[in-house]
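So the chains spell out like this:
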Amino acid sequence: MSRKPLAALAAVTLGLAAGQATADEIRVGVVAPFSGPFALYGTQFRQAIEAWQATHGTRAGDHEISFVYKDSGGVNPDLARSLSQELVIRDRVDVLAGYVFTPNALSVAQLATQSETPVVIFNAATSAINAESPFFLRTSYTLPQVSAPLADWAYAQGIRSVVTTVADYGPGIDAETAFSEAFTARGGAVTDTIRMPLSTTDFAPFLQSVRATGPEAVFVFLPGGPPTFAYAKAYAENGLKEAGITFLGTAETEESNLQALGDGALGLHTAYHYSAAHDSDANRAFLAAVEGLGDDAAPVNWASVGAWDGADLIYRMVEAAGADGRAAIEAALGAEWESPRGPVRMDPESRTLVQNVYIREVTRNPQTGLLENAETGIIATVGDLGWKD
Amino acid sequence: MTLLLNIALDGIAYGMILFLVAVGLSVTMGLMRVVNLAHGGFALMGGALAHWAGADLGLGFWPALACAILGTVALALPLERLVYRRIYGFGELQQVLATIGLTFIVIAAVNRWQGSALLPVPLPETLSRTVDLGFRTLPAHRIAVILCGLGVILGLWLLLDRTRFGIRLRAAVDNRAIASAHGIVTDRIYMATFGLGAALAALGGVLGAELLPVDAYYPLRYMVLFLMVVAVGGMGSVTGSFAAALGLGITETAARYLVPDMATFAFYGIVILVLALRPQGLMGRIA
Amino acid sequence: MKRALPFILLLAGTAAMYLLMPYNLAFATRILVMGIFVLSIDLVLGFAGIATLGQAAMYGAGAYAAALFAAHAWAEPVAGLAVGAAAGAVVALLSGLVLMRASGLTLIMLTIAVAALLAETANRARDLTGGADGLRVAFGPVLGLWEFDFIGQTGFCYAAAVGACVLGLLALVARSPFGLSLRGLQSSPARMAAIGAPVYPRRVAAYTLGGAIAGIAGALSAQVAGLVSLETFSFTLSAEALVMLILGGTGRLWGALLGTVLFMFAHHYAAAADPFNWLFAIGALVMVVVFVLPGGLLSLPGALKGGRHD
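Chains as they are written, first to last, in full-length UniProt numbering: chain H, 1 to 389; chain A, 1 to 287; chain Y, 1 to 310.
Bear in mind the hints are in silico, worked out from the structure with no lab data behind them.
Beta carbons: idealized from backbone N, C-alpha and C, even for Gly.
Be aware that a few hints might be false.
Partial selection, computed: residues in chain Y whose CB lies under 7 Å from chain H [as the list claims (entries may be wrong)]: (1) Tyr23; (2) Asn24; (3) Ala26; (4) Phe27; (5) Arg30; (6) Ala132; (7) Gly134; (8) Ile151; (9) Ser221; (10) Gly226; (11) Leu227; (12) Glu231; (13) Phe235.
I would like the entire structure built from these sequences, with the hints used as guidance.
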């Protein structure tokens, strides 16, 4: 069933000539939280895009590119959908981008498909999202993409028993499943699985339970912000490190709250696709570009790099295909470039980046005196391990 | 056995933190009868001031804490004069609206001033150590919080039950007109009590930050938690809030040890059970 | 004529939204859905005097029920609305049997706790509800005739029609003996009990009816967005809706609608103009209304005339 007639009908009803907008200006609508507890994402997205435009100009091929920003607050699919609709119909954007939370991204699937608007997801990390629309592309990562390699690495380090502690919600369960499957496939044992309610404020009981079980490592997945902060504190305070229980995490030591964790964070192990301490020219150029924005520059973390690479991808798509959504998707698939995180490729099948996953350890940088995620190992070119077609 | 000890220890420590962050609300809402949804706003002021004093002024933990409490009171007193004094006589709904509006403004102000990231207050060496109890270790700040909570409940009991101020306050709250007629300057009593509530909010915000980290959205994130403690404890009873905080803390901690994924159900289940059986709360006076 | 005036104004307002905001129909539709939800709180709080900060329990129940019904049984939206209304009513009835014995702060806390329990239940039942990822459902054409389009025309007209039916129903209820007895309950439960009116059953009935309407609003939001998330149960939603109601003025249907429109527009434009600081604007708006118009915006004409406050 073709959606084309519907789009045409809509264009006629509104007295618009959608799709025939002047070819030399391409607009990109960014939907992200700019207010509320998650406002940092929006700030990072915006700064990464501004940094990209400051260093790469506002033209891609024959087209002038401009960005429009809309505030979606927190998890609010109704609002995210309505804003995206407004962007496509009123602001007549040719590309949608942003989307921090899975429900917000899912809510635009139908809109993207019907209006043939490419959507570049900068963050939302549930594997299944991209199956909902062929117009979804993702420049972040997926949970299995980082959790499974972590399990492999832990096994290779001689760790044989692990307790998993994850927040009791969709992404937490996905991470737990990916980690446990990979770890047991290798021959390791997951001796206990603890699911912690999302509203948890005091993690001491969970970590005391872990300690009583006495595994060699504890795997953790939590949403960012206050829970991560409280968990990392509790890990340090309940003496798990002294008991020889290795911390295995993913985004828990991300850069924007890392300094707040203090010395308790030293030695935490994580597997992730981006560290601001990544040693490459592309990363240094990226950091310099963001710092060039001035004093208001927010800490750079994976969200910033998702938006930076998103802008990179959008420029490629616009240069190749202008406002033609289908052609833009074609142009994006298989694209390869050097990102601040390392080499990446847009996988034509899962439409998520194939990228390196790094094993990192929190250390104090001797020069700046600040905590950072020092990369200690690489697991090269990992695709979306959770993709099911 | 170790498990039981663990539950008791972590439960009491957690309950005491709940008490500390909610006791200010118990004073303003429980004693003064104003539906003060902005309580978290005052705790946030305290947390933000402490962070600012520590990070930007370079003060140590204790001076920063003092700065937070004094600063919050300094902000709260004018607010009492300008906002709260005018809504004491309003209906509950108008109070809800006014204090939510105030909360929004406090959040927006802190967000503008300090941004939306976490506002940590690093602990001093003495509090960040862990203390060995033989069967396990316990962070020193939890012990400090337990002691501090005991100090606060004792101090409030003395103040409210054993001083002239306490008698006047209760008289003023029960019947303002008659209290005034007896020569009690109710305006000043109200202002002083509100200042006390704000000071306790700031204290709780800073000391509780190890578990309830402070950021600009703190007041909305934990508003329900504060309200639950006071409601379960019973309006008008600081001792009730104390009992409720410990009870809820121990219940939820036990659930975290025994049935981790059911902890949320346990918390709200016990709230519903208590309130359905005793609508006036554990120690509330029947309205 | 005077009685019909608000209806005519409302009709004109809805038509104006459609004509003046053809590119913003999604936003206009959200206003309509929220308006229905706020009306449900007005019935419960404004008419029956039941203080609640947990009306989202019924909104969420309606949304999930409609989505699950569409996914597993029948994708026709109007049938989904009926299912949503039933789900909202059942949740309200079951919880109301316990809750309606309480009052004041205790009641408010109980309503919050019920919504929190339902949210956690939906989160845990992720095989059924999709948990935190949300539940995406494709709904069929309305009455088999009008398919939801991405411009939002169907969604808007559908929501407007549902809103009109709900408003009509509530206007009838407000004038019925049942509605009048609810008002009596609100102003003096003791006196109502003294004249032999069954206070508790009436409160349960009002809460159940309010729950059904909240369920309709939830179902409608699910159908228009094609997605349900755990946020439909959130405390924030209940609290925002309550703020809208008090802004407009409780106890009168127009107050609920006026407050919703004002809040939603203020939020939309303040957030668009300055996403970082719009909370200042909302906070200031709320406080100004409390101090200048304690009866809500609906008391504005009276206040201007220097007339009675009620």
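Proposed interface contact between Y/Gly134 and chain H, which counts if any beta carbon pair is under 7 Å = holds (3 Å)
Discussion item. Just to be careful: measuring from the Cβ of Y/Ser221 to every Cβ in chain H, is the smallest value less than 7 Å?
Written reply: OK, holds: Y/Ser221 within 7 Å of chain H, min 6 Å.
- prompt: Against chain H, is Y/Phe235 within 7 Å by beta-carbon distance?
  reply: Nearest chain H Cβ about 11 Å off; hint violated.
Less than 7 Å between beta-carbons is the criterion; does Y/Phe27 satisfy it with respect to chain H?
Holds - the Cβ of Y/Phe27 comes within 7 Å of chain H, reaching about 5 Å at its closest.
- prompt: When the nearest CB of chain H is found for Y/Leu227, is that gap smaller than 7 Å?
  reply: Holds, because the Cβ-Cβ distance from Y/Leu227 to chain H comes to roughly 5 Å (cut-off 7 Å).
Y/Tyr23 was flagged as interface toward chain H. Is the shortest Cβ-Cβ separation under 7 Å? Hint holds; Y/Tyr23 Cβ to chain H Cβ min 3 Å, cut 7 Å.
Notebook entry, point to check: Any CB of chain H closer than 7 Å to the CB of Y/Ala132?
Noted result: holds (4 Å)
**Study point:** Supplied contact hint for Y/Ile151, tested at 7 Å Cβ to chain H
**Key:** Nearest chain H Cβ about 5 Å off; hint holds.
Problem - Interface hint status, Y/Asn24 versus chain H (Cβ within 7 Å) - result: holds (6 Å)
Query raised in the report: Are Y/Gly226 and chain H close enough, Cβ to Cβ, to be under 7 Å, as the hint says?
Result: holds (6 Å)
Residue hint Y/Ala26, partner chain H, criterion CB-CB below 7 Å: holds (4 Å)
_Does the closest beta carbon of chain H sit nearer than 7 Å to the beta carbon of Y/Arg30?_
holds (5 Å)
Hint violations for this structure: number 13 only, all remaining hints satisfied.
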